[in-house]
Amino acid sequence: MNHETFTEKMVLWLDNGLNAPEITELQAHLAGCPTCQQTYQTLQRVETLLRGGSKIMVGPPPGFTARFEMRLAYHQVRNGGHLWWGFGVLLLGALFLFIIGGLAVSALVSSGAGWLDGAIFYSGLVGLIQLANTLGVWLNLVGLFVKASLLTMSYPTFWGCALAALALAWLWLRVLKYVNRPVATSVELLI
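Residue numbering for the sequence shown follows numbering that gives the first Met the number 0, beginning at 0 and increasing consecutively.
Calculated from the structure, these hints are not laboratory results.
Label-pair ranges, simulated between beta-carbon atoms:
| # | residue 1 | residue 2 | range |
| --- | --- | --- | --- |
| 1 | Ser105 | Leu134 | 23 to 31 Å |
| 2 | Met56 | Ala30 | 38 to 46 Å |
| 3 | Leu143 | Tyr73 | 51 to 59 Å |
For every residue, glycine included, the Cβ atom is placed at its ideal position computed from N, Cα and C.
Make a model of the complete structure from these sequences and hints.
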């Protein structure tokens with residue numbers, strides 16, 4: 000038998016996977032083979048390290064829990080304000096819309112029944128039709144732009160411009176992320 004076979008048997012022996020005759024054969028071989036003895040001793044050390052390592056529990060450094068709880072409390076207080084800020088902006092926008100709508104309705108009502116007049120209604124309807132016509136022109140312009148873009152996609156210059164635009168957009172997002180990063184206000188938060 001070669002050394003690889005005995006190495007496999009050593010691993011099985013350490014895992015209690017050999018029967019008595021195989022153990023006797025392995026012990027007899029180990030008594031006469033220094034290479035396998037060295038391999039067995041190495042395997043025993045690895046086994047000891049693996050079995051002992053699972054029992055060792057490494058704790059966090061001193062003060063870790065206190066620092067973590069302090070940072071967590073700081074971020075909870077800091078991020079809680081964002082919700083109220085957003086709610087305030089939403090409330091302010093609704094109030095603004097309510098005031099502008101009220102002013103518009105009061106202006107129409109104060110002008111009397113003239114705003115219900117047929118001529119004014121007709122001019123409003125014509126204005127809506129012109130707005131729809133303008134939107135149609137813009138949609139046609141966008142369609143023309145898409146068609147022209149599809150035709151120019153075969154040119155390398157188009158792809159160069161597209162890649163440059165993507166790179167500049169990525170760079171701009173990185174700059175915004177860097178500029179808007181939170182700033183620590185206390186020395187304790189930096190520790």
